[in-house]
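Okay, here's what each chain looks like letter by letter:
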Amino acid sequence: MNRTLVRLLQAPSIIVLLLWMIVPLSMTIYFSTIRYNLLYPERTGFVGLGNYRFFWTDPGFFPALANTLVLVGSVLAVTVILGLAIAILIDRPFKGRGIVRVLLISPFFIMPTVNALIWKNMMFDPIRGITAVIARTFGATPVDWLANHPLLSVIIIVSWQWTPFAILIFMTSLQSQDQEQKEAATLDGAGFWSQFYNLTLPHLARPISIVLLIQMIFHLSIFAEIYVTTEGGPGFASTNLTYLIYDEVFRGSNIGAASAGGIFAVILANIVAIGLIRVVGKNLTV
Amino acid sequence: MTDKQLSALKNRVAVTAAWIIALVYFFPLFWMVLTSFKTEAQAIALPPLVFFEPTLDNYFLIQERSGYAAYAWNSVVVSVGGTALSMLIAIPSAYAMAFNPGRWTKDILMWMLSTKMLPAVGVLMPIYIISLRSGFYDTKILLVIIYALINLPIIMLILFNYFREIPKEILEASRMDGTSTYNEITQIVMPLAWGGIASTALLSIVLCWNEAFWSIVLTTTDAATLTALVASYSNPEGLFWAKVSAVSTLACAPIVVFGWLCQKQLVQGLTFGAVK
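Residue numbers (the working numbering), protein chains in the order written: chain A, 1 to 286; chain B, 1001 to 1276.
Hints may contain errors.
Stated by the list, open to error - Simulated restraints, written as ranges between beta carbons of each label pair:
1. A:Ile-267 to B:Ala-1069: 42 to 52 Å
2. B:Asn-1183 to A:Glu-231: 50 to 60 Å
3. A:Lys-282 to B:Ala-1045: 50 to 60 Å
4. A:Ser-194 to B:Asn-1011: 13 to 23 Å
Just so you know, the hints here were simulated from the structure itself, not pulled from any lab data.
Fair warning: this is a prediction, and the values are worked out from it, not measured in the lab.
Beta carbons: idealized from backbone N, C-alpha and C, even for Gly.
Given only the sequences and the hints, what does the whole structure look like? Please build it.
In structure tokens:
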């Protein structure tokens, strides 16, 4: 293959992604500096950082920022700890291991809206939901999850969907662990925790950091789970940054302010992305 | 108790725990499928019913009430369309990069992956405005284009890795024999890469099928997919547990199977190639 043909074949993918990245992003930056409200098309003009100030002083901004961080942090903690525990638990030969894997991993393949709706109706309903039924069986008062613990509900829903992702990756990595080393450690009388700290955890250090970074990227923009269950409420109790921006566009019709928020979200994601690119880059062999 | 007995006991406890956790973990999905075979009255009965006479009514009713087939068709069109468009762009590019890597190949791939890390809300406003102004809002073609673009980096990476695994010696040998580039691709590379291409396409279909941001914000009726249909059931008047469950079961069953078939690609794709 000659150089021209190689360039020609590569061009389409590079051009479309370049357009996809540069055109909308520069438009967002442009929108963020002008007066732009779909309801008041006559109001125009350059406002400098006005939209940023508007978004910054929005009563929902700091709650949304805090919720975003709590949501991402909690989901990360739950999925990594639960994923590790389960992956280690099923990392042994036993009858029906295949079925156990299917049961554990299936939630990851269902659409987020279905996942959210199952939990909203059949699990979290304060009267007919399974959690309410269980609570009453033990004589406790059922919890109205979505009304009283909206953010926790979203955390549970997202964690349920993403723990399988952690399990999948940790399971794959555990299979490449040196079994002889583990057997030797057992013979030397090393207990489970000592083996876990000294052998398994170091072996899983890289997969864990990858799971953390990847999930951060995906969870910074959680949307469907909130849209279907709490719509960000009550108040701003379960609004994250993505939902706040969505709200600004589709309820506030304030494209300018939403664009300022969008730029803020891009900066936040970039901080994570730089770390991720470093980890990923090491693994890419050309 | 000897050490051997003790370790056998420990193992049995672990296996039992694994089964219990797996069954509890799967329960919400099991309950959804079970509810889809109940009548609406049975679905909200207290205490919840585990044994009942199953009915298929919901599966027929959802077509009548909410026009399930139209949404399913939209999902099929945008998933397959988005995947096809993406593959069309990615296969030649990934091929060229894998077999003729240059100084910048790695940087180009890393840059492509970085576009996948751009949050959707960073580009939502322009895409929304452009689609409204151009008349593409709520059309399948818009979703096809967006899905092709958002999955392109992942598809490029996986295909690149597949093509890299094809031994260069085979190609060199055939070049010595004077095989043309066209024959080289159709008769040597494609037969070897076919499995990889197929499972990459499968992964892309799964990701498109479950996508739930663009499908919700960029469609209303004409191009609404199954994710949007299910989301529309979130309002209080749509509280028909049995029918929602039937819709959800139908919407998820095929894709769970697909997901199972492309697990490896899913892990590789979603970790941007860092775990294979």
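Going down the list of hints, with the structure as the test:
| no. | hint | in the structure |
| --- | --- | --- |
| 1 | A:Ile-267 to B:Ala-1069: 42 to 52 Å | 43 Å, holds |
| 2 | B:Asn-1183 to A:Glu-231: 50 to 60 Å | 58 Å, holds |
| 3 | A:Lys-282 to B:Ala-1045: 50 to 60 Å | 56 Å, holds |
| 4 | A:Ser-194 to B:Asn-1011: 13 to 23 Å | 19 Å, holds |
In terms of the numbered hints stated before, the structure departs from none.
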